[in-house]
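Trainee: Spelled out from the first residue to the last, the chains are:
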Amino acid sequence: MNFLDFEKPIADLLDQIDKQKQIGEKSQVDVSVSVRQLELRLAEVRKDIYSKLNPWQRVQLSRHPDRPYTNAYIEYLTEKEFIELHGDRTVKDDKAIVGGFGTIEGRTVMIIGQQKGTTTKQRQYRNFGMANPEGYRKALRLMKLAEKFGKPVITFIDTPGAFPGLEAEERGQGEAIARNLFEMARLKVPVICIIIGEGASGGALGIGIGDRVYMLENTWYSVISPESCSSILWRSWDYKEKAAEVLKLTAEDMLRLKLIDGIIREPLGGAHSFPEEMFKIVKKEIISNLNELGKISADDLVKMRIEKFSSMGVVRN
Amino acid sequence: MSWFKRIKEGITTSTKEKKETPEGLWHKCPTCKTIIPTKDHETHMYVCTECGHHDRIGSAEYFEILFDDNRFEELDADLKSDDPLQFIDTKKYTDRVRETEKKTGLKDAIRTAGGDIDGQAIIVACMDFKFIGGSMGSVVGEKISRAIDHALNKKVPLMIISKSGGARMMEAAFSLMQMAKTSAKLTLLADARLPYISLLTDPTTGGVTASYAMLGDFNIAEPGALIGFAGPRVVKETIGKDLPKGFQTAEFVLEHGFLDFIVDRRELKSKISTLLRMLKN
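Heads up: the sequence lines are chains A and B, in that order. Just so you know, my numbering puts 34 at position 34 of the first sequence, and the rest follows in order with no gaps. Just so you know, my numbering puts 118 at position 118 of the second sequence, and the rest follows in order with no gaps.
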């Protein structure tokens, strides 16, 4: 388990509970009362910490190393009935984006998402969840495949951004993202997008045009990361907390500004503390949304999707 | 030893008699340093006659170059940005906008207009770099969205001239969603089979490249223009070495297959006109 700075009281309590249990086992003393008390205290502390998170703390949680990534969701949702599909049919297979057909409670869906790694080696293998153009083109190929066979699309967004490398530029990173925005807007099947971690700018939006766009409670979504924003506006990384605030990047802000359709609550203590519970909540949301969207004709879906995104923005006459 | 003897007397004009060269009378090319009268530079459409360097120009100049007799009807000219996030960095966003308005005489980073190119009706949206780096906020998105509506209503082609550093940070997620908005609206233009010409000029980067600028039926660019998704500095930091010469220029982007052609500004109007005629015939 990894703990963030502000999670320290939780870590301490968990530690104490562990120690009590060990004492109980070794010395045959009944520790159940003191453990229960500690657990109650833990619940209180959790509630206290998680009920007043500031934007920067949410950003930190969105990057928590124990937070479940796309593949973990896929495994739970499909109960491992998932066939991964590879490659963009032009250049290569981008490991930063995974995708394939899977079954959720008897229904076939196309699931696509950015994948970060859990170990140093895997992080490199996944390029830290930063896709190259071929990743976006693979995603689009799979969406078109889903459209062809009339299957809904579910995307999991979790990226620090599209990869800003030399080859990415050569192969048209801008064009790849632009093409996805264009084609996703008129995809003739239901599209559900869920931000499960970081939603950084065009790299996130590149698989983020949906009939329903949700954010998990402890995630962020904006045009730029707080660190980069700080370095551009204040010429230093020291203002990231302030940048996180002014960017209005939390799920609550985004919903209030009507730029997303809803927030998916996380279990108290965050998705990283109780991944199983998180999966269950996400599954329920997906199923109820698939049911709703399934009743709408393809033409209406596209029309409503385009209208929704067209209405975003605030201007004065 | 006459080498060491001063033959000419040197500068003899007294300070009182010195003349100032009036500002703006001459233009010096930033690339080849050729100096020509500003008036001539204008008639050459701000392109250096010696080296072909294309100076950055704004919507007023592009409209004059493209529209017959500089006649056009500006659309949605009164749209201005709001400040939904009450954004403050080193100064208030509203103050920044007001100051830029005063300095540039513009209302935002794009102007849209309807007019004729060699008698062929068209809607042109043109970005202005001098308005906060041509950054894309709600007004840019809304004006493009409405320009598409105008094109659909009148059943005429659309041309967007991009010149932008990317998204406008002070509008945060609103600015990000303009990418989605403009791209989604462009699908309607495509469904109606109306041509969309995207002209990328120096510079076109970030969210603009990753949305409408790259979605033209025809993606064309001016020579030497910087075109990319990530800015050159960011790419350089990522790869940890110097960038190859010509990286992210229009010529580079053409070579990698993302542009249809590069067009000299002095031939822009006739090329567009020919293209439009070909599509109609």
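No lab work stands behind these hints: they were computed from the structure. Keep in mind that a hint or two might mislead.
[Said to hold, decoys possible] In silico lysine to aspartate or glutamate, EDC-like type, Cα no more than 16 angstroms apart, as pairs:
1) B/K280 <-> B/D217
2) B/K269 <-> B/D118
3) A/K148 <-> A/E183
4) A/K95 <-> A/E84
5) B/K245 <-> B/E255
6) A/K52 <-> A/E252
7) B/K269 <-> B/D68
8) B/K271 <-> B/D191
9) A/K242 <-> B/D68
10) A/K52 <-> A/E245
11) B/K245 <-> A/E167
12) A/K240 <-> B/E101
13) A/K8 <-> A/E44
14) A/K303 <-> B/D191
15) B/K236 <-> A/E183
16) A/K148 <-> A/D299
17) B/K92 <-> A/E245
18) B/K245 <-> A/E292
19) B/K241 <-> A/E227
20) A/K242 <-> A/E227
21) B/K269 <-> B/D149
22) A/K303 <-> B/D217
23) A/K92 <-> A/E44
24) B/K269 <-> B/E9
25) B/K39 <-> B/E17
26) A/K280 <-> A/E105
27) A/K284 <-> A/E105
28) B/K271 <-> B/E23
29) A/K188 <-> B/D116
30) A/K188 <-> A/E105
31) A/K151 <-> A/D299
32) B/K271 <-> B/D89
33) B/K236 <-> A/D299
Trainee: Could you tell me which of the hints above the structure violates, numbers in ascending order?
Mentor: 8, 9, 12, 15, 18, 19, 21, 22, 23, 24, 25, 28, 29, 30, 32, 33
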